[in-house]
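Participant: Fit chain B to the known structure of chain A by using the hints.
As you go down the protein sequences, you meet chains A and B in turn. If you read the first sequence in the working numbering, its first letter stands for residue 1, the second for the next number, and so on. If you read the second sequence in the working numbering, its first letter stands for residue 1, the second for the next number, and so on.
Keep in mind that a hint or two might mislead.
[Unchecked claim] Quick list of in silico lysine to aspartate or glutamate cross-link-like pairs, DMTMM-like style, CA-CA up to 25 Å:
#, chain 1, residue 1, chain 2, residue 2
1, A, LYS162, B, ASP718
2, B, LYS73, B, GLU167
3, B, LYS313, B, GLU181
4, B, LYS783, B, ASP200
5, A, LYS162, B, ASP200
6, B, LYS659, A, GLU136
7, B, LYS139, A, GLU51
8, A, LYS162, B, ASP658
9, B, LYS659, A, ASP132
10, A, LYS162, A, GLU88
11, B, LYS313, B, GLU199
12, B, LYS31, A, GLU90
13, B, LYS139, A, ASP34
[Said to hold, decoys possible] Residues of chain B placed beyond 12 Å of chain A at every Cβ, according to the derived structure:
#, residue
14, PHE412
15, PRO451
16, VAL598
17, PRO620
18, GLY628
19, PHE722
20, PRO772
What the hints contain is simulated information worked out from the structure, not anything from laboratory work. Because the structure is a prediction, the values reported are computed rather than measured. For glycine and all other residues, C-beta sits at the position ideal for the given N, C-alpha and C.
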Amino acid sequence: MKAIFDEASAIAVTLTVNGTTSALRVPPLRRLLDVLREDLSLTGTKEGCGEGECGACTVIVDGRAELACMVPVCQVDGAVVRTVESTELESLQNAFLAEGGAQCGICTPGMIVMARAWLAECESAGVAPTVDGAREALAGNLCRCTGYEKILASVMRAAGVKT
Amino acid sequence: MGARDQHGPGAPWGDAQPGAKDNQAFQVVGKPHRKVDGLAKATGAAVYADDIVLPGMLHAKTLRSPHAHALIKKIDATRALALPGVHAVITGQDMPIKYGVIPWTPDENALALEKVRFIGDEVAAVAAIDEDTANAALKLIEVEYEVLHAYFDPKEALVRHEPSIHEDKKHNKGNISKHVELSFGDVEAAAKTADLVVEDDYSFHGTTHTPIEPHCAVAQYSADGVLTVWSSTQITHYVHRALARVLELQPARIRVVQPCLGGAFGGKSDPFSLEFCVAKLAMITRRPIKMLWTREEVFYAHRGRHPMQLHYKTSATKDGRVTGVDAKILIDGGSYSSFGLVTTYYAGQLLTGPYDFPSYRFDSTRVFTNKPPCGPKRGHGSVQPRFAFEVQLDQIAEKLGMDPIEIRRKNFQGEHTQTVNGQRITSNGFMRCLDEVERASGWRARRGKLPHGRGLGVAGSMYISGTNYPVYPNKMPQAGIQLKVDRSGLVTVFTGGNDIGQGSNSVVCYIVAEELGIPVENVRVVAADTDLCPVDLGAYSSRVTFMVGNATIDAARKLRALITAAVAEHWGIDTRRVRMIEGTVIDVEDVAKSMSSVEAFHIAEEKHDTLGSTGSYNTPTLGGDYRGGTIGASPAYSFTAHVVEVDVDTETGRITIDKVWVAHDCGRALNPMLVAGQMEGSAYMGAAEALLEHHDINRFGLHQGPSLLDYRIPTSVDAPEFAALIVESLDPEGPYGAKEAGEGPLHPVLPAISNAVFDAVGVRLKHLPFTPARVLAALREQKSASVAKTTAKGRA
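Just chain A, same shape as in the assembly:
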């Protein structure tokens, strides 16, 4: 939701999104989601509910998966953000294509970003990714089309695990 721009209350924020650093003047409570979608024209991150329930707006902020609709931009000044437009997600994106993991596709950006965060977590903890682990990890990302079977298959394919 775009807030009325009030120059007096605007703050300076620096964000590095997918490797590009931008300096912005924005209202402090503007949602990270709107900064990404409207100020930076990165519309790949989707709004499904605007209340932190669906996970469609999941992005990676300083290595952690966050819901961009719940983050006021003033809290992430200086952060490194990765979105679905990041070029580092190719293996997951190809896996979703090969397994039919995207039907309507509205949850797909959030799913892929969440899966990337989880796979990175598995790697740093030295644990092998499992289907049950993927189910747990993606539980905050709602899909209404697939019944999750093909999404789980996509994530496991990207992880190099045969299902």
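Facilitator: The following block gives chain B in isolation, referenced to the frame of chain A:
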């Protein structure tokens, strides 16, 4: 024309047998090709309605009614208009013409005109420089209401006529939206002569679609008076018609475009308030307007599955043959008609397969209540009756001591037959569906033999592949396709079909690639744009693969004929020797003669001038010879069987679904990966309706939880495992034999869960949803009945 006529001799699947390991006769069809829009969706590049930004665009918001039923006495927008940043405020007076997706029941206004009919009904809309300003302006609009008695109980709406929710002076039907009573054969006689009659009540509670993308529309009005609306709709054509009617514009001055769509499931089939509001506001302000509904507003817009109270009485012989079915159904329609006329028919008309019964009667009544309006949700109108009947069929099997799969086999209607209500059945793979789920679930070894608390249940169903009843009567094609050939070798397909995630654009692409023997990468699809594409009636009633697919085959074969004729002339051979395959054109009798598709396109363009073709599909004349006989008449029906395995916790009453085996006869799987995706997604949605979801209002008429926290759709942890078992029956009229796969596979899961719970703990769940409280109550009742029985025995 029927598809059979279009295929002509030498249909390309001539040597591909159903169930064959691979479809060797095909180059593209039958293989798990990637979706044409898959990568755009996975990279975030796909453009959805809310991703559209136009120069100078304003944002609009809607004021909604706080009353369930009230007259609007006065609206004063003076203060809202005075707020800096506000450009326009509109109310019902700005668009007084009523509309409705079914032309016989136009009872909706873009914004309420004289009265509001549910909490959340649209009253006014504001366009402002941003959403916050628009929201602030909504608070400044003063509306004076006179509150009326509100109806929340459909039974009350059935008998009480005043005040009526809709003024229908012509018919004076009180609050009845639609009543249908149809009778086939003699059910009374069947009941009298039956060895067994089972009679019971069932109910369906009401659920909603919950697409993850909220509704969104963007409008632009050009200086020369052309209105363009981009909308998250699944039926561009009907939105086009409704906009013209309500805005009193020439249809030729309106363009409707469906961008990438984030889920629909029937919930984006009606024309919605926001489409009219953005259009009107764009015309007034001469600025582009966007309106994105909040998640809360999507719950008010609803059009989800109707709550139904169902009474079934089934007669059977002692060997398990059903001889008569007698149904009485009360449907809670909510506040507007929507597709309700069709719902009321479908509730009866779609039960007459896959089983044959010689007599059938249904009495189906839809009433208005002051709730968010119900409409079509995946499996429109038939999921609720199917639930009731499939549970009742299990009750009959139980009484007769028959295996639940056996009783279903016993009553199988067969293929190439006619139903009791006059519907033509062509291909029918239901028996193979039963075989598949029986085998895969280990039914014979496990059903009735699992430990207490664990059980297996089965159910079957059928569904339409489109219907021959177009929403407005006309004899023009239901689906049209245009093909355009570029000198680069690219073929562009123009289709009015709506890809709503089910993959219709991909199916169109595969068919063109198959027919012209070119790589799928050389086919581009332009879809759902009323300026560019021929009319298609939209993504509903599972019509797209069947109808758009057949139209595509028609267009592609006409184009192929032009190309092969030109090449044959070039080589001086008979046209029948020319084959287009894998990006080349060859002489099947002389391997030396070969050229690329691009060369062939050039030769054809030299001979015929600019290359292109059109194709279309219309249904053959179908349906029973009686009023309503065409509603539910489909050129082909799909068939499904499910087995569900459940675990019932007798302490907490919680049902856990371990696995669902879904066998579905889709005719031919044009892309097995996409078909399996539809089967799994359907079963998921049905299972969620049975166990988790409940769309309802509280005692004040207020939605009981319009958020994704309160309306519980399953997460990846909640979802059970699904096994998709594709059965291919090869329909004689489907494109390459294909039928639908997107709605049929939802139906059986609800009754199969109930039947599995019976196997697990011996209680019959007849009222949805199956909450832990309901399960515990049923278990308590079972216990007290058994104590009473023991006591009675003790006394005797």
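Participant: Against each hint, give a clear statement of whether it holds in the structure.
Facilitator: Consistency of the hints with the structure:
no., hint, in the structure
1, A:LYS162 x B:ASP718, "holds, 22 Å"
2, B:LYS73 x B:GLU167, "holds, 17 Å"
3, B:LYS313 x B:GLU181, "holds, 16 Å"
4, B:LYS783 x B:ASP200, "holds, 21 Å"
5, A:LYS162 x B:ASP200, "violated, 48 Å"
6, B:LYS659 x A:GLU136, "holds, 18 Å"
7, B:LYS139 x A:GLU51, "holds, 21 Å"
8, A:LYS162 x B:ASP658, "holds, 21 Å"
9, B:LYS659 x A:ASP132, "holds, 15 Å"
10, A:LYS162 x A:GLU88, "holds, 22 Å"
11, B:LYS313 x B:GLU199, "holds, 4 Å"
12, B:LYS31 x A:GLU90, "holds, 24 Å"
13, B:LYS139 x A:ASP34, "holds, 23 Å"
14, PHE412, "holds, 28 Å"
15, PRO451, "holds, 23 Å"
16, VAL598, "holds, 27 Å"
17, PRO620, "holds, 31 Å"
18, GLY628, "holds, 32 Å"
19, PHE722, "violated, 5 Å"
20, PRO772, "holds, 20 Å"
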